Every structure is written in structure tokens, then in C-alpha cells.
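From first to last, the protein sequence lines stand for chains A and B. If you're matching positions, the first sequence starts at 1008 in my numbering and goes up one per residue. If you're matching positions, the second sequence starts at -5 in my numbering and goes up one per residue.
One or more of the hints may lead you astray.
Chain A is faced by these chain B residues, among others (derived, beta-carbon under 8 angstroms) [to be verified]: (1) Ser114; (2) Asp236; (3) Pro242; (4) Ile243.
Residues from chain B that face chain A, not an exhaustive set, calculated with beta carbons under 8 angstroms [stated by the list, open to error]: (5) Leu13; (6) Asp18; (7) Lys85; (8) Asp129; (9) Pro133; (10) Thr234; (11) Ile238; (12) Gly382.
It should be emphasised that the hints constitute simulated quantities derived from the structure, not laboratory data. Just so it is clear, the structure is predicted and the values come from calculations on it, not from any experiment. Yeah, the Cβ is synthetic: ideal placement off N, Cα and C, and Gly gets one too.
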Amino acid sequence: MENIIEVRNLTKKFRSFAAVDNISFNIERGEIFGFLGPNGAGKSTTIRMLTTLMRPTSGEATVNDHDVVKKQDMVRKHIGLVAEKIILYDRLTARENLEFFGQLYNLSKEEIGSRTKKWIEKLHMTEWMNAQVSTFSTGMKQRINIVRALLTQPMILFLDEPTLGLDPQTTHLIREFIRELNGHGVTVLLTTHDMIEAEALCDRVAIIDHGKIAACDTVKNLKKTVKDKKNPTLEDVFLAITGKEIRDTTKGRAISGAGMMHGINKPNNRVR
Amino acid sequence: MLGIKNFRDLWQIAKKDLLEFRRDHLRLATFFIMPMFMMILTGFIFPNQNTLKNIPIGIANQDNQEISQKLVDAVTNIKLSPDNPPAFSIKNYNNLDDIKGAIKKQEISGGLFIPADFSSRVAQNTQAEVTIVEDQSNPQISQTVNQVLMKTVEGFSQQLGLQKISQILIAKNSVPQNNPSISDQVISIFAPIKSVISGIIPGNPNYFEFVAPGIMAMVVMTAVLTGLAAAISREKEQGTLDGILISPISRLSIILGKAMAQSVRGLIQGAIVLLLAILLFGVTVHGNILLILLLLLLGIFSFVGLGILVSAIATEQETATQLLFMFQFPMLFLSGTFFPILLMPTFMQKIAHIIPLTYAVNAIRKVMVLGAGFGAVKTEFFILLIFGAVTLAISVPIFKRVITR
């Protein structure tokens, strides 16, 4: 298979702290690639570099053969991002939000309407398009947020914990939706803490810890590495590789890359 | 450098920011109330001709003759304009010490003591004396009270002088009695020189005409400065800025779009201030309104660079606001908005002259109050232009670098 993303020795340092430490991996065109790791492992920082929102300290990465530093605008044309925080304006209606972001890509209102119509229907948001986003539940916001990420008709969709904090119904709806998008040929890079989600959706997963890739393979192959248990789950694999120590302290490694980027020495609170 | 696409992107961002703003009812309310507040406050608390009324002063008249009673009446009836209540409300005391005691108790803000020999001295052609007692605890009030009292006593004394001279002249038969020109002649002897004040514009400008241009410039520019920094850091905090940064539009369009939205808001606030000044405080605009608008725009231009710099550096909205407050506060006092720069110490004057607001205020004041044309504000015009260009040239590359670290 052809690689749509190639990452070579990518490193991001915040002062002396390496949030992402010399990682290399490839993502194949058309796959769903899972990015797993404890809090502060470097998942979001990697995504920010691949989506041109952050400059790597060293190393290189290409997205659809375009360098993420030298050809930023080319990269931007082919990607969609569902980030940690929901990228929608509360005081605008769902439609106004989509129109605003669509127009940044030079799309006319008609084009935006026709591009998003079927996604909105699939995500059951048609009747809410003229309501202000501030009145939405988290699940509704996330559904519009995903439609926004699809405005570019991206070849690659970056999903940073897309189902975090959602009810089981919405979670199910979004997972089905991701699968369907993938069926249409969209490559997906998905980060999640939900091992069931990763197992259900991902063709391959990378387990990232302390800014390094600890393992990268298909779920099936990873399970084979766990010797001390019969029928191991992905969670067993994850804990075997990353250990059972809790990471959500404010010291050392667990500082999130996003927090470091903003110069805040605390983990970023998620706004959802 | 800027293409049509840039302008369209810039416009999209400005439009979105304004739409968001329009939906925020609380911010919208403060947006309109703030300039009104500023205007009404500064319009009413700062001293003008109408402020001196019913100030309690004490009078001790130990003379009690017709002539001293006339002086007391003159003081009692002072009005600074015909529609006003009297300037002083009079309390009577027995002697100088009583007046001083009453000032100590802050019952009165000044006093006039007329000694017992007042009328006899006037009658004997020796110089009579009255004492004006000042309240040193309140220099501002006592200064005005002193001035008004001194002027009244002087005027009264002059009248007596005129009477005396004409009596002498008539007695010596130097001038014929009942000659209508006699008082003119007497005045020309008594006061050979008269000064006439001539302004550039008709009427008497009040303090408010001095402050209004300053408040206008200040409201507009601080609105842009804080607004811009807050708008960017808010989007950083909420994460929506990522959604803009990830699209293929230039960083310059982003920042200029935001600056444009803030400028529109600033200009609307400026218009509110101008309207209030004209309608509520009787300020007359003597110059060209379009020139004022141009100067305001230029003032905004000179501030945008600083705003961009702060928003690039500050990661949180709160930090941005605090940083800007540090600039704003000294600017407010040093730009000559409320206090004339010429009256500041030399060192402070030097600082005042590196603040762009100073030039904007100055230029707008010239146009608004004195009806100056473009030629008279050329210097300020170019200083603002250069200041804006230089700060923009510094801040835009920094913004571009910092925004995607």
C-alpha cells in the first residue's frame, strides 16, 4: 500500500522537555490508524505538527507527499481536523459556523450546502442547522464539528478523541460514521483512550508513551505479544506496554503538549 | 503583498467577529454604555463655569455701614451666568477667628472679613482693607473662591475709585458737570490700558470642548487595542483559532480581519462619543467631520501594531488585558486628554511625546475645536502614519512566528 503520511524522526521540544521524541511511522492510504497512549504521551502534539498547527523542532513529516513545514498550504487543503477542543463558535448557528469555515477554503455558500447536506442528514442534525451552537449538547456540537472537519472533503481526517464525554448513542453514531467515511476512501488518524473503540475501528494502532512509539502494528499482531494471558484484549496489550503507573500528575511527563504550547504549566482542561 | 483573496478572507473574519459580537448581548450593552458613561462622568465632574454654585462662605462685617453692606450684597449676588443660582451661600460670623474656626470645622469653604474701620477709611481717602480667608485643605476650591472674591472686591474698589476721581475732577471744574462723556474720561485716567481677548472661533469653549476630542480618540483606540488582543487570545483559549489556522489563508488576513472588526466597533463608539458631545454637552464641531474620521482611523492604525504584538505574546485573555492595562493607564494621563501637556513637568512632557495617542488627541482637538484643516495637522498625520507602519512591520512577523510555534 501507498503511504499517505510519512513521519521521519519527528521531534517537538518545549524548552528541554521532548513532548514528541524522535518518532517515525507511516500511515497507509485508506486505513484507520489508531494513536493510543496515556495522557501527555505526545498524541495531540504529533497531530498538531501533522496539521501544520505546530512547527517540529526537528525531523520531517509529509502528508499526501507535501512537507508539513515547507508546503503548509498544500497540506491544509487535504486535511480535516477534529481537535481536542470543539472548533465552533457558540454564538453562531450551526449553518453560520459551516459557512464561515467553508468560505476560508474559498467555497461558495451553495457548495458548502451541497457538500455538507448528506453528512448533516447522516448525523441527524438537519433540523438544528439554524440554532445557535451554544444551545447544543456536547454530542450535537461534536457532530457539527465533524461536519466542519469534512468541509474540505479531506483525504485524511485527524480525530483527536472524537467520542470523549459523549453518550453511548452518539458514540455509536459517530463510530459508524467514521467507518462509513473510511469506506468512501478517507484515511483516518484517530486518537482515543477507549480500547474498545480502537479495537473496533482501527486497522493498525501505534502505542505512544513518553513521546516515543512503543509499538506499532495491527491489533491482532499486538495481542500476540502478550504471553501471560489467554485471549488478551487491547487493554491488556496497552497496559503491558505502558505499565500501570498513573500519569495524570502535574509534574514531569504528564504535562500535555497543548498546555506547553500555550506556556501554561498545567494540563489543559477540555472544554466540552 | 495583499491580493483579492486576502481581502476576501480578511472580510470573512471581520464579518464573523462582528456577528459573534452582535449576538453577545452583555458585551453589546457595555459597548454602548461605556462611552456614554465616560462622557457623562467627565462632562459633569470636571470643573466648568457652571460648577461654582452655592459654595458656603462666611462673612464677618464689623463695619455695618452702607458702603460695606454694598460690598456684602455684591458678594452675595454673584452669579457666574444668569441662569445659575448664586455662587455662594453666605453665613454670617462676628469676627475673623469665628470664620477661621468655621473653616476648620469645614462648615464653610472660605471667608471675607470686613474690619470696623472699613467705611471710615474709605471716607477719609486712606486705603481700606478686607481679608479673604482661604480653606487650605482644598486648594482647588479655595483657588476659585479666592479668585471670585478678589475679583469682586477689586471691581467694587474700582467703582469707588471711579466715583472719587469724578468727584475730584468735577470739584476742580476740569470737566463740566452732566457731560455724558465724563465717565469715559474718568475710566481712561483710572485704567489707561484695556485688554481684549480674541479667539479663533466664536464663543467661549468650555472644559468639555477640551476633553471631548481626547475622550473620543482614547475610547476608539483603547477599544481597538484591548479588543484585538482579547479577540485573538479568546479564540486561542477556546481552540477555534486552530480552525482558522488550519485553513489555507494567510496569517496576515487573519490578523487584519480581526483588526478590521475591532476598528468598526471602535469607530461606532467614537461616533457615540461625538454625538453625545454635540447633543448633551453643546460641543460645536468647527472642523471637517471627515478629517476627524480620517484622523481617528489613522489613530487606530497607529495602535494596531501594538495590539497585534500583545496578542501574539499573551496566551490567555487575562494576560492580554493586564498587559494592555499597563500601557493604557499612563497613556490616559499623559496623552493630554484630561490635562494639558504644556503644564506637565519637562520629563513627563518627553514621555507624552512618544505616545501616539498624544498626536491623535492633539490633531483631533485642533480640527474639532479650532476648525483646523489638513495643513495644520500634517505633522501629527505623518507621525501617526510612521508609528503605525513601524509597529506593524515589527509585530506582524512576530505574530506569524509565534502563532504556530
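Each hint tested on the structure:
1. Ser114: violated (82 angstroms)
2. Asp236: Holds. Min distance 5 angstroms.
3. Pro242: holds (4 angstroms)
4. Ile243: holds (5 angstroms)
5. Leu13: Because about 6 angstroms separates Leu13(B) from the closest Cβ in chain A, which is inside the 8 angstroms limit, the hint holds.
6. Asp18: Holds: closest Cβ of chain A sits about 6 angstroms from Asp18(B), inside 8 angstroms.
7. Lys85: Given a least distance of 60 angstroms, the restraint on Lys85(B) is violated.
8. Asp129: Not OK, violated: Asp129(B) not within 8 angstroms of chain A, min 55 angstroms.
9. Pro133: violated (49 angstroms)
10. Thr234: Since the shortest Cβ distance to chain A is 5 angstroms, the answer is holds.
11. Ile238: holds (7 angstroms)
12. Gly382: Violated, because the Cβ-Cβ distance from Gly382(B) to chain A comes to roughly 27 angstroms (cut-off 8 angstroms).
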